[in-house]
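Residue strings, one per chain:
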Amino acid sequence: MTEALFGWPPPVLDPMGPYAEPVRTVAWALSGMGALVTTLVVAALFVAWRGPPVWRARLGGQTSILVFGVALPAVVLAALLIWGLMLTAKLDRPAADGAMRVRVTGEMWWFRVQYLDPQGRVIAEDANELHIPTGQPVAIELASADVIHSFWVPHLSGKKDMIPGRTNRLTVQADRIGRYGGVCAEYCGRAHALMGMVVIAHAPDEFGRWWGARRAAAATPKPDSAGFALFTDSGCAACHTVDGTRAVGRTGPNLTNVAARQTLGGGILPNNRGTMTGWVGHSQSIKPGNRMPNYDRLEPRQLQDIVTYLETLK
Amino acid sequence: MIERVQCGSCHVIPGVDWPKGRLGPSLDGMDQQGLVAGTFPNTPQNLAAFIRNAPAVKPGTVMPAMPIDDREARDVAQYLIEESKR
Amino acid sequence: MTTETGFDPALYDRFPTRETRPDGELEELERIWCAPRKWGYFAAVNNNYIGLYYVAAAFLFFLLAGILALVMRVQLAAPLQTVLPPDTYNQFFTMHGTLMMFLFAVPMVEAIGILLLPQMLAARDLPFPRLSAYAFWAYLVGGLCFFGSLFIGLAPDGGWFMYPPLTSTAYSPGINTDFWLLGIGFIEISAIAGAIEIIVGVLRTRAPGMTLDRMPIFAWAMLVFAVMIIVAFPSVIVGTLLLELERAFNWPFFDPLRGGDPLLWQHLFWFFGHPEVYIIFLPAAGLTSMMVAAIARSELVGHRLVVMAMVGTGFLSFGVWAHHMFAVGMPRVSTGMFSAASMAVSIPAGVQLFAWIATLASGRIRWSTPALFTVGAMFVFTMGGLTGVMVAFVPFDWQAHDSYFIVAHLHYVLMGGMVLPMFAAFYFWTPMVSRRPLSERLGKWVFGLMFAGLHIAFFPMHISGLLGMPRRVFTYLPSSPLELLNFLSTIGAFMFASAVALFIVDLVRSFRWAPSEGNAGNCFDSGTLEWLPSGLYSTRSIPVVKSRYPLWDDSSLAKDVEEGRYFLPNSVTGLRETIVTSPIMAEPQYVEIMPGPSPWPFWGAVATAVFFLALTVQAYAVSAVAGIVMILCIMRWLWETDRPIRKRKVDVGAGIILPTYAVGRDSHGWWAMNILYIVMGMMLFVLIFSNAYLRGVQPEGWVAPPSWSSLIPILGLNALAAALAIAAVRVLSRRRRAGRRIWILLASAPLALAAGVYGDVEAWRSAGLSPAASGQGATTFALLAQQGTAVAFALLMGFYAIARGGRNLIRGPRSGTVDTISRFILFAAGQGAAAAIMPRLMVLA
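Residue numbers (the working numbering), protein chains in the order written: chain A, 1 to 314; chain B, 315 to 400; chain C, 401 to 1245.
The set of hints was computed from the structure by calculation and includes no laboratory data.
From the three backbone atoms N, C-alpha and C, an ideal C-beta is built for every residue, glycine too.
Any given hint might turn out to be false.
Derived Cβ-Cβ restraints for the label pairs, each shown as a range [claimed, not checked]:
(1) I467(C) to T251(A): 48 to 54 angstroms
(2) P878(C) to A238(A): 53 to 59 angstroms
(3) S734(C) to N294(A): 45 to 51 angstroms
(4) L463(C) to D345(B): 43 to 49 angstroms
Excised from the complex, chain A in its bound form (with noise of 0.2 angstroms):
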């Protein structure tokens, strides 16, 4: 990565989904719209200055405040109104029931994201990437840990904010396969701007099979090894949790897949034995304020043998 998570053209307008696609016409009936008044006023700024005098005398009464300031923006605006009302509750509407079911909770500063069942319990857990399938619906509740972030990501829908206290609900869909980037859009603290994550949208039977694969790898027994031993001995497993080991930490993210993620460190960093190296040793030269400590007294051997172990994380 260490791009945008987004590029040309402006993601909204390129919608990916039916919660963002209304948006995009939206988009561009607006500032027709204004590029209309703002022609309209310098017109009359014009025909002000220089017009004949017929029109000029016309444009100077009382009526013409009626008619370009009351009559003319009412009309507009009514119709504006109506238009984004209803569209307000289209997309507003909960997914229906039987949707597919996620959390994500926004916390200092990163994405924690959880796959629920039916009834709402969490069968698996990420950072960071939320894997979905095309063409249906998904229900995203969207929470906090600690202050208010904001849950957007441009090409499948509007923001929304994640509050402590509350939950809120979001429906996104996305109707082709790809990448698409999210950023926290609430300010929230030092590392605000370096908060991100990814939407990967597959093909159904593409997403059953990487489904298959996320539920295997968090059932696979992990063998103990030197670097599952330092991982727990330095104080990782304090704050990481790896399914199925006795890292079980809660604040940071869950590093069972860690190794197939796309990204580290909250979407900013491509995701390679280097960057895995350099995140653990010093991540504070990355990304300055986040949760996590260097790790910089390790020695090097040490080092490499949490990294190599991270990288069996499938």
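Chains B and C: place on chain A using the hints.
Same frame as chain A, but now just chains B and C:
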């Protein structure tokens, strides 16, 4: 190339604003260094070899083998030396 | 012709008078209103001084905040730069927003009001000059301390709207946030003080004959502005107090785990925060309305429509606050309501815009620097307004909200709505305060650079936002369109800055300020009273106003005024004075004796600053001392104000006789106190709202109220206090000699109030409620704390009454001091009853 694999996660690299990792040594001034990794004479060949597969060259180093080929490693080595001269 | 006060309008026909005025009158006016010397500049209270100090200080904060913006633009010129560490960047943007909104925009329009209003209304000064002085010094000292926090790395870093829980102690343990609350505290004080001054000034010190319908549009704008401050600011005052209470004493207003709610802050903040935008915009629009008339040399077309539009904006602006919260997951009904109101509020803006265009069309545009800025502002404001309509469209806002699109929108609105009109006004009114106008040639360059710069800086931000760039980021990841757009924005920002620099060059070269030595005069051929020849005493005599543009309609007006052929051509009492007129028809009612220069407002302001600063750094002993000094300074300054003088009736010109002292409804003090009650009443209302809001969103675990019988003594004590206060006024009016002993009643009433609030606190305690335990406890005790504060003020007033009574300074049959204290006690008694009843009812609801 440096951006793709993010050498900056561990090293301060001339011409790269972020990240300025501090796990590994700063690579600013690579042209002045006598030794690569404190072990080998600083030649572009040695540097490139180390960049490509550090553990093979110097067992026990923290630096991992990088997912790049020989030519790319030479480019990176050349970049480091050129940038440092500026 | 009807009258409001029984004043016979036929008397106006006696002006201009024919006979020549005796010699020495003008010299006496000059002596009474003399210019300060040396340290006297700190004691000056005249609006000619305070107004300009105020403008200069606000402009200083504009520059400081602008410099912060430039550094931020350097940081963002390219991706992943490290010019500023993230923490510093976060402090920078928080300070930029806070300085621009609180220390530049609001004070600047208020300052322009203080500088221009007395001149426009042909008053000698605003009615409470010492209050203006205090408000100014508190603002300057407080603002500088606040800015200074940046240099020691303690500047606030939570964004200018400071959402908890990010700003709660758990996530902002340092005192950075407290500095914000401190800085805002000052602005709240000075804004309220200024608003009181402006409302009373506009309603009561207009020149005779200047009915509301003939009042200049800027005065209307300032009136609406000040009323909006009175209604909106209490909400943020309460908000900041609650946040500080949460931080200092752990009262969980915003903590969802203990029955609070972070959204409560957002409601309180935005109920103030959105009207704030119109608070900034309306005065600037008022200036524009004045300038377009002069630019076209034609009366403002649709004058009454514009007035209606401004009043309408004021109303609507209180119904739009939650459009900042479309993304928090509100019920659909409220979303729809706020969306509708947000769109509707653009109609009055449209009315004003087309009224300006119609005015330009009905006359002939005479191009000048102010004309360029004014027309440019209309264009920029239109664009900002249109993106405003876009974000009022809810589904679009869900995408645009908190992205750079919003950054672009708000800068367009504020630039077009306030900054460009402000520069136009600088060019337009400089000849009124300076002996030389600003340079027209440089001015056109300033305009060109500024106009181009702001588009280059802010237009690309719309696209950055749609590209997914959130606001308040210290950096962004590389991507070619984003890099290009941000680089353009940085270039634009520097163009804008160079325009401001050029303006300063012009200012240094051309600006010659010496209010006692005249001014450059009516360069732009305007038709309103501020262009009458004037000195420190304002105009020599106060004209009778017969139209909206008296200078255009009566070509000999300036000469007659200068020769003293109108009201008050001299000082009738040998003191500073102005004519107080009736609020609607502006019929002369009495001569107000104005307080002269005094160092006490300055020292009071310094003590206030030390008081709050010491609180922030938790030096409680220092703060207590400073608090006492502050109270003493303020009492010292008030001491000289309520003084009936020997001459009870005076001739104000042409044989018209007016009294020199008024009490009750006629007096300007009565109006000011009533406005203060509205402020306190709004605070009470906001606190009750907070209690009710938490009852609605967090209904679990509320403690049952104390027994209803506990209400009886509380209400009884409040009733007793009210009865004592009424008795004091009654007794004084029946027995003139009672003045010596009346203080007994005034000093004992607050004791009853204190007993009442103490009883209420104890009742809730014994019911098992504690302020740190739950949202219910926090909001209930906050209400009681508000009552406690009012009681403390009442006690201070009681001491003041003792001091004055002991020196025989209370005279019957009616005394302003007694009236004021008695009415305050009545208010406090009513508030005590409300604070006792409402939280009990809320639990039942």
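Going down the list of hints, with the structure as the test:
no., hint, in the structure
1, I467(C) to T251(A): 48 to 54 angstroms, "violated, 40 angstroms"
2, P878(C) to A238(A): 53 to 59 angstroms, "violated, 35 angstroms"
3, S734(C) to N294(A): 45 to 51 angstroms, "holds, 47 angstroms"
4, L463(C) to D345(B): 43 to 49 angstroms, "holds, 45 angstroms"
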